[in-house]
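Peer 1: Each chain, written out:
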Amino acid sequence: MTSDIRPLSLNVPEPGCRPGDTPDFSDFEIPRAGLVPRPAVNVDPDEIRDMAFSIVRVLNKKGEAVGEWADSLTNDELRVGLRHMMTLRTFDIRMMNAQRQGKTSFYMQHLGEEAVSCAFSRAMQPGDMNFPTYRQAGLLIARDYPMLTMMNQIYSNAEDPLHGRQLPIMYSSKEHGFFSISGNLGTQFVQAVGWAMASAISGDTKIAAGWIGDGSTAESDFHAAMVFASTYKAPVVLNIVNNQWAISTFQGIARGGVGTFAARGHGFGIASIRVDGNDYLAVHAVAKWACERARLGFGPTLIEHVTYRAGGHSTSDDPSAYRSKSEAAAWPLGDPLERLKQHLITIGEWSEERHKQAEAEIHDEVVSLQKTAEAVGTLAVGKTPSPRDMFEGVYETMPPHLVKQRQEAGF
Amino acid sequence: MTSDIRPLSLNVPEPGCRPGDTPDFSDFEIPRAGLVPRPAVNVDPDEIRDMAFSIVRVLNKKGEAVGEWADSLTNDELRVGLRHMMTLRTFDIRMMNAQRQGKTSFYMQHLGEEAVSCAFSRAMQPGDMNFPTYRQAGLLIARDYPMLTMMNQIYSNAEDPLHGRQLPIMYSSKEHGFFSISGNLGTQFVQAVGWAMASAISGDTKIAAGWIGDGSTAESDFHAAMVFASTYKAPVVLNIVNNQWAISTFQGIARGGVGTFAARGHGFGIASIRVDGNDYLAVHAVAKWACERARLGFGPTLIEHVTYRAGGHSTSDDPSAYRSKSEAAAWPLGDPLERLKQHLITIGEWSEERHKQAEAEIHDEVVSLQKTAEAVGTLAVGKTPSPRDMFEGVYETMPPHLVKQRQEAGF
Amino acid sequence: MAQMTMIEAIREAHDVAMAADKRVVVYGEDVGYFGGVFRCTAGLQEKFGKSRCFDTPINEAGIVGTAIGMAAYGLKPVIEIQFADYVYPAYDQIVSEAARLRHRSNADFTCPIVIRMPTGGGIFGGQTHSQSPEALFTHVSGLKVVMPSNPKDAKGLLLAAIEDPDPVIFLEPKRLYNGPFDGHHDRPIVSWKKHPLGDVPDGDDLVPLGKAAVRRVGADVTVLAYGTMVYVAEAAVQETGVDAEILDLRTLMPLDLEAIVASVKKTGRCVIVHEATRTSGFGAELMSLVQEACFYHLEAPMIRVTGWDTPYPHAQEWEYFPGPGRVGEAFKKVMED
Amino acid sequence: MAQMTMIEAIREAHDVAMAADKRVVVYGEDVGYFGGVFRCTAGLQEKFGKSRCFDTPINEAGIVGTAIGMAAYGLKPVIEIQFADYVYPAYDQIVSEAARLRHRSNADFTCPIVIRMPTGGGIFGGQTHSQSPEALFTHVSGLKVVMPSNPKDAKGLLLAAIEDPDPVIFLEPKRLYNGPFDGHHDRPIVSWKKHPLGDVPDGDDLVPLGKAAVRRVGADVTVLAYGTMVYVAEAAVQETGVDAEILDLRTLMPLDLEAIVASVKKTGRCVIVHEATRTSGFGAELMSLVQEACFYHLEAPMIRVTGWDTPYPHAQEWEYFPGPGRVGEAFKKVMED
Ligand SMILES: Cc1ncc(C[n+]2csc(CCOP(=O)(O)OP(=O)(O)O)c2C)c(N)n1
Ligand SMILES: Cc1ncc(C[n+]2csc(CCOP(=O)(O)OP(=O)(O)O)c2C)c(N)n1
Ligand SMILES: [Mg+2]
Ligand SMILES: [Mg+2]
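Chains as they are written, first to last, in my numbering: chain A, 678 to 1088; chain B, 678 to 1088; chain C, -17 to 319; chain D, -17 to 319.
Quick caveat, the hints were computed from the structure, so don't treat them as lab data. Hints may be right or wrong, so weigh each one.
Claimed, not checked - Each computed SDA-like pair below joins lysine to any residue, with the alpha-carbon atoms no more than 25 Å apart:
#: 1; chain 1: D; residue 1: Lys32; chain 2: A; residue 2: Pro684
#: 2; chain 1: B; residue 1: Lys1081; chain 2: D; residue 2: His279
#: 3; chain 1: D; residue 1: Lys248; chain 2: C; residue 2: Asp319
#: 4; chain 1: A; residue 1: Lys851; chain 2: C; residue 2: Gly250
#: 5; chain 1: C; residue 1: Lys315; chain 2: B; residue 2: Gln1082
#: 6; chain 1: D; residue 1: Lys32; chain 2: B; residue 2: Thr882
#: 7; chain 1: C; residue 1: Lys248; chain 2: D; residue 2: Lys248
#: 8; chain 1: C; residue 1: Lys4; chain 2: A; residue 2: Lys1081
#: 9; chain 1: C; residue 1: Lys32; chain 2: B; residue 2: Glu1030
#: 10; chain 1: A; residue 1: Lys851; chain 2: C; residue 2: Glu311
#: 11; chain 1: B; residue 1: Lys1002; chain 2: C; residue 2: Gly25
#: 12; chain 1: B; residue 1: Lys965; chain 2: A; residue 2: Arg683
#: 13; chain 1: C; residue 1: Lys32; chain 2: B; residue 2: Gly936
#: 14; chain 1: A; residue 1: Lys1081; chain 2: C; residue 2: Gly250
#: 15; chain 1: A; residue 1: Lys1081; chain 2: C; residue 2: Pro147
#: 16; chain 1: A; residue 1: Lys965; chain 2: B; residue 2: Ile682
#: 17; chain 1: C; residue 1: Lys32; chain 2: B; residue 2: Ala998
#: 18; chain 1: A; residue 1: Lys851; chain 2: B; residue 2: Ile682
#: 19; chain 1: C; residue 1: Lys315; chain 2: D; residue 2: Asp3
#: 20; chain 1: D; residue 1: Lys247; chain 2: C; residue 2: Trp300
#: 21; chain 1: B; residue 1: Lys1081; chain 2: C; residue 2: Gly25
#: 22; chain 1: B; residue 1: Lys738; chain 2: B; residue 2: Gly779
#: 23; chain 1: C; residue 1: Lys32; chain 2: A; residue 2: Phe975
#: 24; chain 1: B; residue 1: Lys851; chain 2: B; residue 2: Leu1046
#: 25; chain 1: C; residue 1: Lys248; chain 2: D; residue 2: Lys4
#: 26; chain 1: D; residue 1: Lys32; chain 2: A; residue 2: Ser1063
#: 27; chain 1: D; residue 1: Lys29; chain 2: A; residue 2: Ser997
#: 28; chain 1: D; residue 1: Lys29; chain 2: A; residue 2: Asp994
#: 29; chain 1: D; residue 1: Lys4; chain 2: A; residue 2: Lys1081
#: 30; chain 1: D; residue 1: Lys29; chain 2: A; residue 2: Glu852
#: 31; chain 1: C; residue 1: Lys247; chain 2: A; residue 2: His1078
#: 32; chain 1: B; residue 1: Lys1081; chain 2: C; residue 2: Trp300
#: 33; chain 1: B; residue 1: Lys851; chain 2: D; residue 2: Lys32
#: 34; chain 1: C; residue 1: Lys4; chain 2: B; residue 2: Ile682
#: 35; chain 1: A; residue 1: Lys851; chain 2: C; residue 2: Lys4
#: 36; chain 1: C; residue 1: Lys29; chain 2: B; residue 2: Gly936
#: 37; chain 1: D; residue 1: Lys29; chain 2: A; residue 2: His1078
Claimed, not checked - Computed footprint of chain D on chain C; a stretch qualifies when at least three of its residues, placed anywhere within it, have a C-beta under 8 Å from a C-beta of chain D:
#: 38; segment: -15 to -7
#: 39; segment: 92 to 98
#: 40; segment: 115 to 126
Glycine residues also receive a C-beta, built at the ideal position from the N, C-alpha and C atoms.
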């Protein structure tokens, strides 16, 4: 068979669309809302293999909530959810602007992905713990972490709870179930499993949630998380936020152009579900299901949130260099905020006027907090963290060599 | 829902049988030989998902070769295969003994797993490259790598091709398609993918084979290998040797007690097959299929060789401390050597007499080579590698600081 | 008090800590049912149950990564890496996560974990069972690094490490597990059972982190050593008659610089011994600290006696290992200079 | 000759090497279509095709691991780690595999790969975009370690690294990408376009590995520096008037010890500057080598000016960064001693 063999060649997956091309999502299969049934929380993962290839959706085109996954939230809760998403979006806009004005070094927004973290947050219980990436500030907003504190950190001013040590947006709040963000991709996924194992070891009832981006699923720590979660049936929900892009790299490079990210759970016997990440109701319902499953001792769930990063990767990124400018607009799952708003209007629980009013209120609130934060200081301007602080907290007790270095530094 | 929640607890998988218990493999599903069909080499991985949960088997209980996977080898080739396995086993016995006598520091045998590497080796072409672990010396034996050279390395004598630098049994032979064994688990799996990518980049027709143990699939490099193999459709065969144990740890700790190791390929769209690792014919047929698939540009295959580590992990290990002494005998897939022998006898191509004679020949050959090797030297006795050699080959050209250190050392 | 090997002392430290504090959990590859390939955790699973001592998948990043999560929850994981040579897959979790968690979160989360690992050569383990990676950890702010040289310290330091609120790298010189070893590989093996430092106090007595021990008082030269090299230095003293003061550093980070400086100021000479590769080894840091603090007291150039800058070879083990011959020569040289 | 930034020089080195040798392949995260987050590989995919320059999954172990396999096949991979801070997931592949392959296989297989990575701080990148991990590589036998400080060297050294038969860690001080930077962050940014070292020769001229460059001849004190610190030292000379001899080491492994010793023997004084954390930093090795070789020539204790032993902080960046003020003080101190 050797003689007639043709030369091999390298397969390098390419996105459907680059700058200049017309976006085409016609290959992207979107099951209609309400189609996917809701299994029992103790279902055998093997029985729901299909769910890794479908998409759980609740809101249909008409803005109605349909199917077995509907009704996990009251109308009041939905309005709260809308407000969270609006707040996050407004917050992002203001902070992106602040970065452009040099008030902070760096910012990362959530545009188009607000539903994922905002809805998930509401499915957890006090005491549960998230291990987030840098694109889940909605977890904090939806748990009423003070925006002022977030801003103080973004500005690295004297009120920054992390004393200027950590980058802007790399928040930490144990109290709000939000593990310290690392900046290194993937590392936190397996830590979430460890936290969940600790809860099980301690006979506790708390659960953990891990977070990772589509691109970062390629990191080896993803595997470590899956292996440990599977072996010890850890009470953890493992979330993949598939926003289609990893900086300039489309999701096909991490996914290998086959199957889905959710399907990676199957080899580990982990229940795996894809959900419409731009559908607040669907995210919440699936999150609730997975949290319950974990808390009741039925083990881990892998959730792929299908969404789209409508903005740049960060303030250092200009996506027009690698993808079509119209791709975001062509994204078939729409805008999460707009969809929830329309749903509430459709069911008569909201109106354009109320929306405008809420927008104005939120805007005023954010701007006023921003003023307060800026009055304290912005990056390297005004009241800033003490240089002394950089020597603190390396260890609980400062060892002699650090005391000496601090003295040498003159602080 | 919070109030009536019971405390969580940690799930720690346990093997069915520990010292003192009676081994029970009745849960272990063994499809009958010939059952699994042989798909086209360009089959879509999705269409053969079942193959990750079944076991390709050719030799039935009567010693006949049955089904679509039979007939990949001539009777002459089968006799050669038998001889390879007998040689490897004899080699192992002698070297285990030599270690006990202090002639080497360390040895690892293949008892019960001889078919895997011996058969696989014969499905590859000259120029292809294996990235083996420490338990695939059959790849060398079946490619006629000189046993004397192996012994010289095991004895770390002056003729050791690696000049005493590397551990015994961590062979290297580019010429024989055998990448330098590392000793670190898992690392070589992704290197195999890189080698295969290089072949594709170069428009070559060579393929690579990666090797990993059941326990080592838990290593994160396993994931790296799967991700890269999947994305670039690398011409590589990825072999998992599931010999049920990782030192004292049963395979359920790595596998999480669910599915199969082969099933881990599905999330990556990689063709995944389980094969009876104690069936020389089945291993060869599946290896041939996978090699052809790779060489023809249809991408990677993940093969789980289902076998059993009948001996200790290494000369430092006593398995009676963690598993039943009778487990090996109870292993339902039998002994690979015995099964091939019986097959050849069944089809009238072999006999007990010829077997005895072959045994005697092989024994004499190995003993005679052993004498030759021992005449050169054994660990720290006789002619040993030069201490100078430890300074060589750190870099191609010895940098000044190493020259100085070598002088300081007095060599 | 009981006479123990280092393995037994380490096992006992686990036992004491697990009995005293439910938050202490112990895991790693082959650590549970079997009790570890060196048996340092033997019997713990039986005594404390499978959720407090268990086997793990072979994934060092996962072992450390889950430990960080557990520590964030409030447990105190004591984990084993089967050989120090296999810690690198976990290096990112250690460096980027464990070491920096307290600092980056302003103590909102902390990481009291102990990462134990058998270290060093002398057992014909070749390049993958012999390494001494201490300098790869001392360079990382936020880690503590400990290396005991005897059963008594092993128990006391391990208890201190478990109590410590920060991540501790705990390096166990495997060649010392069963007895002191002075580099004379051709002589019969001695056992801890007859050694004063094999006499291990009962209970939960700590040996505090950050304190060196003077193993031998001397006037001529200060020897800075740790782990196996302490005994090599002792042998070199016997063989050369040089009146060396031998410091067993025990903790490399934080370092007992005070003890070092006091000794070097007294002797005016310094020999530094470690088994790791020389370039950028911990000896470089020691030498730098001494020159910074004792420049005007030094009467001769300091000398490093170390493993060579090569992978740890299998057959040439004893040519690689910095034995008493080489240390003795350094003594003579430093006295002549 | 063309006036280039360091980014352009690096890109050009790739271009030259890829054109000359089909075995050179270039890949990493965002390296292909987009040309790298710092644009060091821009245009290469278009010019050389997708199988010679491509994007990878985000898996640093996989990037290095596949490169090792490719090198074993016979290619010459030049790979990018997006930031040096993210090299740790690949540390095992680098330390246990790339560095030891030649030795352990007796050159049956070799590993001619170049691992490039943006290094160092000064861009408010905080703890995960600022690190200088050179000492974690200099301790590993089998690796070469290079850090250019200007466009000319960047091109020449990268070409030499690609030609080298062994694995090379190629650290690019990102604060120098667009212009020299002397630590005066409050002053306007200078560009390479007007700097003599921004004048980059055409073609494939190498700058050999293992050779330091004397950036300033002086009589009072020898400064050992590399990367950004070369310019900081120059600023400190200007500000203090101390007549320092500034060595830009360029290659840390193998090191140009001869040049170092010659200079220190001449000046009798030595200040060592690096941005990495002090303890067990490469400065420790430099200080040790100098004390070993120049003990009797030293007139004052050597001084290290380095990053502090803390994670690289975000807001306190300029208090962490060893700027010209601190280096100048060291000059004064070393002259007074
Ligand atoms: C270990 C590591 N490697 C590389 C990076 C650089 N980096 C930061 S974000 C990013 C892309 C991540 O993409 P994805 O996981 O899809 O998350 P998203 O930004 O889309 O939310 C990369 C490569 C990093 N932070 N850490
Ligand atoms: C990175 C790494 N971790 C741990 C070890 C120690 N170790 C050597 S073999 C082994 C068990 C491997 O089991 P498996 O992969 O099933 O292979 P088998 O020995 O059964 O062939 C372990 C844990 C190692 N060599 N490398
Ligand atoms: Mg993404
Ligand atoms: Mg096994």
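Peer 1: Please write out, lowest number first, the hints stated earlier that are contradicted by the structure.
Peer 2: 4, 7, 8, 9, 10, 19, 20, 21, 22, 25, 26, 29, 30, 33, 36, 37, 38, 39
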